[in-house]
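Novice: In order, the protein sequence lines correspond to chains A and B. Everything in the first sequence is counted per the working numbering, starting at 1 for the first residue and increasing by one. Everything in the second sequence is counted per the working numbering, starting at 1001 for the first residue and increasing by one.
FYI, nobody ran anything at the bench for these hints, they're computed from the structure. The structure presented is a predicted model; accordingly, all values stated were derived computationally and were not measured. You may find that some hints are simply not true.
[Claimed, not checked] A few chain B residues that don't get close to chain A, going by computed Cβ distances all over 10 Å:
1. 1156
2. 1406
3. 1459
4. 1527
[To be verified] Okay, the calculated bits of chain B under chain A, using three or more residues with CB under 8 Å as the criterion:
5. 1081-1088
6. 1127-1137
Cβ coordinates follow ideal geometry from the N, Cα and C atoms, glycine included.
Here is how the chains run, residue by residue.
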Amino acid sequence: MKKKKKNKGIRHGSPVFDVFNYIFLGLMALICIMPIINVLAISFSQSGAAAAGRVTFWPVGFNLESYRFAFSRPQFITSFWVSIVRTIVGLAVNMTLTILAAYPLSRSKKELTGRNFYAWFFFITIVFNSGLVPWYLAIRQFGLINSFWALILPGAMPVFNAIILMNFFKQLPDELSESAAIDGAGHFTILFKIFLPVSLPPLATVSLFSMIYHWNDWFSGLVLLNDMSKHPLQTYLQSIIVVRDSTTLSSASRESLEMLSQISDRTLKSAQIFIAALPILAVYPFLQKYFMKGLVMGSVKG
Amino acid sequence: MQMKKLLALVLSVIMAFSIIACGSSTDSPQQGGTSSTQSGTASDSASSTDAQPDAVFDPMAKYDPAITVTTAISLDDEMQNYLGIKSDLLENNNWINAYRNELGIDVSIDWAVPNTQYEQKLNSTIIANDLPDIIAVNAQQLRLLVRNGMAADLTDVFEQYASPFTREMMEADGYMGLTEATIDGRLMAIPLVQGNVDDSNMLWIRKDWMDQLGKTAPKTIDELIELAEAFMEADLDGTGQAYGLGVTTGSWISFLGGGWGDLPGFFEGFGAYPHAWLDIDGKAAFGRIQPEMRDALAKLAGMYESGVIHREFATRDLTEDIAAGRVGIMYGQHWNSFWPLQMNIDNNPHADWLPFPIPTVDGSPGISMLGNSAWTFYVVNPDFANPEAVVKLYNFHYAVDCALSPDYDGDQFHIGGDRVQEQPESAFNWSIVKGFYPTQNLFIHRGLKAYFAGDESVREIGWINDAVTSTLEYEEDPIGNAVSWGGYRWSGPEGAFSVIDYYQTNKHTIYNLLNYSTDAMAEYNTTLDDMSITTFSRIIMGVDPIEEFDTFVADWWRLGGETITNEVNYELGR
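Chain A extracted, bound-state conformation:
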């Protein structure tokens, strides 16, 4: 109740606008959430009903069979584990390098000789892209093919994230670092004791970016890793969801054909998609509060 009164003081515009705004935003949110609910409902449904398209937003013939089946597939579990390790390790490597690159770049030219050179050095990788083949060949030359590190090292330094963080560091008042320096703090103390604690909003943003990248990327898993047991979850999912080439099925054996009806099961696919989306869905609300704080901070300081 108190909050409402406070808000009244700074309200501009008409309540009619608010109503339409809420309805509009609500509808947009609904459009985003509906496919997810549909996938969830299909995953809990009977496979026949799902195939016949009778499931919309509520399961038909509720059962957990497809989840039981998904978790009984060793490849699913293995890949899930690879993805988790990859996301944690990838996040740690990404954040370390991002922070260590962003801090010096945020200092003035006087403090870092050749700052502009370094800035362009990083920036040029955003503008130019070598293309797929040189990328593959370079990674092969480093001997990373079929190694877990092929998922981490080629993307270890996300330049875009570093630029976001650098810009945030830059707009922190100079007095902060100056006063710390007067008290005898070195660069590491300034970075870790002063800068990072006040930079939670951009840190949350860039770590979410890098987490999502590591969780969702399927292509590097396919191209760079040779053993299926090393494939991350999204690479595995891509293999089951991609549309099959049916033109060569005319000469398939009976065993393959029998397997075909089992694999193309919609409920099973939906269950696996949903399980795979879950970790990111779970992380998001926790980081959300930092986004809010960031926005509020910005508005107060104006």
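Got chain A; can you put chain B on it based on the hints?
Specialist: Relative to the frame of chain A, chain B by itself:
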């Protein structure tokens, strides 16, 4: 300010260039390779023939000391499933062990990916020139590798090392697979022979609906339309959205051919063959631009108009319509009983579909087109010192996997049915160089028919025994065994292979004059195929009148069709 504008301009130009650079970088290595490695082919083929014939020549002699062969594996759905049962199967299965113990060949697997991702992975390996010793490729990739000198000439080693039984199988195939693997008179790969009798198109119809309406299978296109209209009107599953003929279209599949829910079977009823090179007045001519196609398209436009073909067929999920009982007629191939038709039975165990030979305009027997015998080819890396090993592996596969072979060992190498779940190391899938009895499925069906005609002795052959057992099991309780419906309607007495048997027995088949892509096809076909599908869709949907077909034919000739036709006639020596 000026500086900033200039900088922005420069940056956007750079960006545009980098995009262009990315686009072209994927294919430039191939182009570069064409000229520089051309000379490699001749010298490589010479080095591959230096295996000395011994006094007593044994094509299956064991290597001593053992040699190592690297390869890559495409994991089909079964293999992925088996790997779930035993995770070390890739390195430890009956095939790999037998290669080592009986042939002295140590197989080492460079990489293994699910079959849906194999092509992509393989292409990146080809571009990086990182091929294993033996690799399975498709017809297009085979030509690419041969042109770049990345495939060894196997003509002589095959001639020398092929076992008598392997030769027998090649003969049973009519040497189709070998021909498909031959380029410029040289055998450049070992074909994964599968035979092509299974390719025929057929018409699948809801039998329970026909029975309820007292209808029989259509012999002519007009009877087919009549039946479709009757199904549409009756809507026997009470869906409220019933329509006549299931047609699908999508990225892999289109109504021009995808093996299910397509229209080649319909076109064939008019004597039109949209994918084939036909002999017309002694010259090779492309089937898609012949006047018969025009008649078929005009008929389809009428069917669309009257709602027999769904108004939104281009965006609909046909599997859903089948499963829900909205549609009861579909063109397709033999395997459709397993998928997607099985979904209908899963949803409604009282549903039943039967396959029939294609109906024709005038009621004469439909003539169906047969495709290739081999879709997969085993290429040997020219740097590999023992190219004959691929032939030994091929011989070994035929010897132990084919039930007609004297050395057949199904328990070890081709275990079937439910037992494979307990013994996945005995699955045939682990063989790294495969080849099949070209008419295996038909052979099984004929054996089954012989059994029901009273010949008990056919059960001595494992393949036939399995089929007989599952058929008898299903027939005991069709409703309770609804999950096995697909298998029953596949090899069973009235199943899909009865239709293929009919085509084969009566020779109601026609062959494509050409079974590979020429250079001009590789260059123009993407455009021409897109144009065909767009134009035909517009004609069927009534956006354009049928006269548009004549414009299409003219465009086809102009946009590369003429070059392709000339090239095909040249290659066929016509």
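Novice: Next, verify each hint and record whether it holds.
Specialist: Each hint tested on the structure:
no. : hint      : in the structure
1   : 1156      : holds (29 Å)
2   : 1406      : holds (22 Å)
3   : 1459      : holds (17 Å)
4   : 1527      : holds (20 Å)
5   : 1081-1088 : holds (count 4)
6   : 1127-1137 : holds (count 3)
Comparing the model with each numbered hint stated earlier shows that all of them hold.
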